[in-house]
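*Asks:* Sequence:
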Amino acid sequence: MHLTDHPARHRLSAALDDVAATFRGMTAHPDEHNCTCHWGSSEELSLLKTPDVELEPDLLRRTWQAIDWTDHAAVLRRILPQFATALVAGRVEPLFGLEEAGYCFARGRWQQWPDDHAGSVREFLRAWWVQSLTDPDAIVPPHEVFVVCAEASGTLGPWLAEWEKQTGGLSDRRLAEAAAEWEYELLGDSLPWRVSWYEHDEEEMRADLVAWLLEHAAGRLRESGASADLQHRIRLLGLTELDRWTDPHWPGHRY
Numbered sequence: 014m015h016l017t018d019h020p021a022r023h024r025l026s027a028a029l030d031d032v033a034a035t036f037r038g039m040t041a042h043p044d045e046h047n048c049t050c051h052w053g054s055s056e057e058l059s060l061l062k063t064p065d066v067e068l069e070p071d072l073l074r075r076t077w078q079a080i081d082w083t084d085h086a087a088v089l090r091r092i093l094p095q096f097a098t099a100l101v102a103g104r105v106e107p108l109f110g111l112e113e114a115g116y117c118f119a120r121g122r123w124q125q126w127p128d129d130h131a132g133s134v135r136e137f138l139r140a141w142w143v144q145s146l147t148d149p150d151a152i153v154p155p156h157e158v159f160v161v162c163a164e165a166s167g168t169l170g171p172w173l174a175e176w177e178k179q180t181g182g183l184s185d186r187r188l189a190e191a192a193a194e195w196e197y198e199l200l201g202d203s204l205p206w207r208v209s210w211y212e213h214d215e216e217e218m219r220a221d222l223v224a225w226l227l228e229h230a231a232g233r234l235r236e237s238g239a240s241a242d243l244q245h246r247i248r249l250l251g252l253t254e255l256d257r258w259t260d261p262h263w264p265g266h267r268y
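So the mapping is simple: my numbering equals the position in the sequence shown, first residue as 1, plus 13.
No lab work stands behind these hints: they were computed from the structure. Incorrect hints may appear among the rest.
[What the hints assert, rightly or not] With a cut-off of at most 20 Å between alpha-carbon atoms, the simulated DMTMM-like pairs for lysine to aspartate or glutamate come out as follows:
no.: 1; residue 1: 178; residue 2: 190
no.: 2; residue 1: 178; residue 2: 148
no.: 3; residue 1: 178; residue 2: 228
no.: 4; residue 1: 178; residue 2: 128
no.: 5; residue 1: 62; residue 2: 84
no.: 6; residue 1: 178; residue 2: 202
no.: 7; residue 1: 178; residue 2: 221
no.: 8; residue 1: 62; residue 2: 45
no.: 9; residue 1: 62; residue 2: 81
no.: 10; residue 1: 178; residue 2: 236
Quick caveat, the model's predicted, so the values are computed rather than measured.
I would like the entire structure built from these sequences, with the hints used as guidance.
*Replies:* Now the structure itself:
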């Protein structure tokens with residue numbers, strides 16, 4: 014992937030470079046530990062306490078997925094340069110959904126870090142989000158990038174605001190793709206991804222997403238060439254219970 018061939022790629026490339034520079038030399042806490050039966054060996058743990066050593070992909074996966082670090086923030090800072098690069102390249106493979114990567118950020122409470130550290134993470138997420146919307150060669154689908162950003166930050170606001178600004182044909186088509194991915198769960202009054210971090214309000218996120226789609230999606234779906242069925246399914250989000258289920262365009266979903 015040639016990140017410098019497109020404005021959004023250039024921004025993302027710069028953000029990744031900044032993450033690498035900002036978190037260079039970081040290590041896990043010297044007293045950090047984890048279960049040798051379930052996480053990995055003492056030799057692997059020692060790598061987290063050694064700065065700037067590339068981790069094998071499976072070790073990186075086990076590290077970011079683990080929820081029981083004593084100092085999760087330090088572990089996250091240690092792996093961030095490699096983790097961010099793997100996310101952008103589509104090499105992160107969660108068990109269920111990419112929102113799991115967002116939980117890793119949330120557990121690290123990165124928004125409470127010093128300004129230069131938090132700013133580096135924030136710009137990486139923003140740059141990756143814009144690239145996913147505007148770059149035809151973006152590797153990770155925008156609806157997956159969106160849930161990483163939402164779960165990493167605990168809010169939909171800045172990510173929806175950016176999507177509102179990005180109104181080109183590609184961004185509209187990617188809105189249609191996301192709507193197609195999300196409509197089944199949303200019509201069942203559920204959020205289309207799992208919320209596992211206890212500080213995040215799943216119902217508030219669902220309501221915010223539905224409200225935004227109802228206000229901004231209709232015209233953009235038409236412009237994108239989305240099917241009439243999909244346009245109706247998003248329209249149905251504005252109806253409640255019996256009105257929704259008895260609408261002639263109800264898709265017959267069963268929950």
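*Asks:* Next step is simple, just say for each hint if it's right about the structure.
*Replies:* Structure-based check of each hint:
Restraint check for residue 178 and residue 190: the C-alpha separation of about 18 Å stays at or below 20 Å, so the hint holds. Of the supplied pair hints, the one linking residue 178 and residue 148 holds, its CA atoms being roughly 15 Å apart against a limit of 20 Å. Restraint check for residue 178 and residue 228: the C-alpha separation of about 14 Å stays at or below 20 Å, so the hint holds. A distance of roughly 26 Å separates the Cα atoms of residue 178 and residue 128; the hinted pair therefore is violated under the 20 Å criterion.
The hinted pair formed by residue 62 and residue 84 meets the criterion: a straight-line CA distance of about 12 Å does not exceed 20 Å. Taken as a hint, the residue 178 and residue 202 pair is broken in the structure, with Cα atoms around 27 Å apart against an allowance of 20 Å. Under the criterion of a C-alpha separation no larger than 20 Å, the hint pairing residue 178 with residue 221 is consistent with the structure, at around 17 Å. Our distance criterion of 20 Å between C-alpha atoms is met by residue 62 and residue 45, whose separation comes to about 8 Å.
Proposed proximity of residue 62 and residue 81 is supported: the alpha carbons are some 16 Å apart, at most 20 Å. A distance of roughly 15 Å separates the Cα atoms of residue 178 and residue 236; the hinted pair therefore holds under the 20 Å criterion.
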